[in-house]
Amino acid sequence: MVNGRNVERRTVLKAAGATAATLGLAATTGCGGDGGTSADGTVTIRYAWWGAEDRAQRINKTIALFEKKYPKIKVKTDFQPYLDFWKKFNTQASGGNPPDVFQNAIGFLRKYDAKNVLLDLSEQAKAGNLRMEGFRAGLEKFGEIDGKLLGVPVGSNSMALVIDKPVYTRAGVKPEQGWTWDDFEAGMKKIRDKTGRAGDSGMYGTMYLYDLYLRQNGKAFFTEDGLGFTEADLTDWWTRARKGVEEGLYSDPKKVAQIKPKSALAAELSAGEYTWDNFTVRYTSEGKSEYGLAPIPTTDGKKTGQYLGSLMLSASKRTQHPKEVAQFIDFMVHDPEVAKIMGYDRGVPATQAQFDAYKPTDPVNQAIAAYEESLVKAGVLEPITPHPNGADICESAFLRIAEEMGLGKRSVAEAVKQFFNESKTALGT
Amino acid sequence: MGTTVTHAPAMEGLSQDSEPRHGPVKPARPAALKRRRRRENLAGYLFMSPWIAGFLLLTAGPMVASLYFAFTDYNLFDAPKWIGLDNFSEMFGDPRWRHSVQVTLWYVVVGTPLKLLAALGVALLLAQSRRGQAFYRAAFYAPSLIGASVSVAIVWKAIFSDDAVVDRTQKIFGINVGGWTGDPDMIIYSLVALTVWQFGAPMVIFLAGLKQVPRELYEAAEVDGAGKMRRFWNITLPMISPVLFFNVLLETIHSFQIFSSAYIVGGGAGSNACGPADGSMVYTCYLYVQGFENSRMGLASAMAWLLLIAVALVTAVLFWSQKRWVHYEEGAR
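If you read the protein sequences in the order shown, they are chains Y and A.
The first sequence begins at 1 in the working numbering and counts up by one.
The second sequence begins at 1001 in the working numbering and counts up by one.
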């Protein structure tokens, strides 16, 4: 650059070229916004879900099947673990680039409806691209909010008490449909005294179980726009929990936290754990014992407060291919082959056709099927209570604060106050 | 420099271009030179433009935006709503926020001096020449090279979790507290241990500082009968105090910004992202939770700006304090 105009000009040009190239590159990678339609009319839709490797393999198989039947539709998938999934989804959705179709759950319906993210699928159902018949136990109503169809259930599950069978047998505790909370507590004392193990791993933090307890007493965790219980209710629930921890009826919360991500039940810290019935599979692979499903204790000997929960598929309001997305969802919930591939991975299949198509042969999945059928037979199932916008934040606050209370980091009174404070902020009430 | 450059005749042709400012040629062709200078500047700016664009788009822009968001209620989806100082007053009333401040301060106050002590101690050992010196230096520096990465945090979590190496070793000695990462009271110690273990960078700087201390000072002190400790306190420490100051400053700022190790070691250990019962919930961790889990970007921005102000204040205090304990050689300042 020292002498000669030509050299100088060349440097300027080079620099300009380099800059243009960099910016140009950024531009081409930055926006590939063609809406996912290629020249030959093939449409690409993006499908995001949460889960792990095993589910990924199953889902890839179902997609291969789908693409074979619908050669004009390509599906691109993306998955993360549960918490990471929602962080990514949130960021994508706020940036106006959410996946076309994605896995969803009840706690997020109102939240994303309020933020204008979810597509009302009823138009597509009317147009015949999505069949809403053939669902089990009224599940087709599950994703309906304010007359809008915001999600289609793929599978159903219900809260259950998963137990370590040999421990229960040794203690001589026999859980039966209709047993009460007093029976349950007496059973846990028996287990502690006869086997030296805590009866439960700390149910006081499980929002969905507390919801059942509230429903048994004519209340609910959520109303449409807020909390359906009082500070006194929660004080009561957590005071009993605290006592249970101190008496050794619930396992030591510190130990439970330490062994995470392993479950306390599989780690032999407790004889039982309240969870979703389709999670039972996990215990069998994690632990050495034999696990079974027991019914939820009741207040009056009849009502368990249970309902079928579910994973859903929802679509983005901004999708350029609502028809193809609807066809995809329709295929995923109705096609019998899909059920054979997925098994009970996302709960018991939501449609009768899929339910009939897959009959489990292994004892764990058979137990899940039997459990759900027993619920239908016992007639305990009720409609679900709505979850307001902000419910997901309340749920994680409930779990966290209950843990702190169990660990003795907070008194019951402080914990209750903190939970109500955080919920007020989250629910905007 | 600063005096007028007189040109040797032989250099005439070259120096006209390279040093136009001082040359007698300047008044002769001002227009042409201006044009040339402008063109040179243009080339410079063009070469810099990717960086400038990056800075404006990725640093300056977001910072201005974040300053604005700090005074709004912004959930990513709806337009930001101006709420003035509400975010700040909410923070001070939030026990979880106060807890995160406590955890961070504890981490800074305990972790930073320990790390610097380790760095200085090892630097003193390695400053003496001995066999295999290069190997030891490399070996001690290695952890901080890989230390910033997420993988080390994952390894750390594996080492300190339940029934892992640390837990089993403790049990041999009859100490049965279980894994540190799942223990709300212990998890922060594992983070301190992680930062202390990564003492390589300050150690290298200490080493350089130690090499600068003139040998003859020690020789003179030795002749006067000063012992090892005495020589350390009265010669080494004052002589390396500028380096010490630099390290204290850098490591303190660094400690305030701890995030990835806390987030990864604490993640999944309890029921939330920041350790059991918020045991490893440092400030940036809570900021992340508010921003990305609770979708409260306005509040998170306010938290970020408050952290910036706090770090600036601490830095200012450190600079102010250096008059009292940092010794610069005459004129070196």
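A portion of the hints provided could be inaccurate.
[To be verified] Rough simulated footprint, nothing fancy, chain A against chain Y, three-plus residues with beta-carbon under 8 Å:
hint: 1; stretch: 78–92
hint: 2; stretch: 169–180
hint: 3; stretch: 390–400
No lab work stands behind these hints, which were simulated from the structure alone.
Beta carbons are placed, not taken as given, at the ideal position from N, Cα and C, and that holds for glycine.
Going through the hints against the structure:
| no. | hint | in the structure |
| --- | --- | --- |
| 1 | 78–92 | holds (count 5) |
| 2 | 169–180 | violated (count 0) |
| 3 | 390–400 | holds (count 4) |
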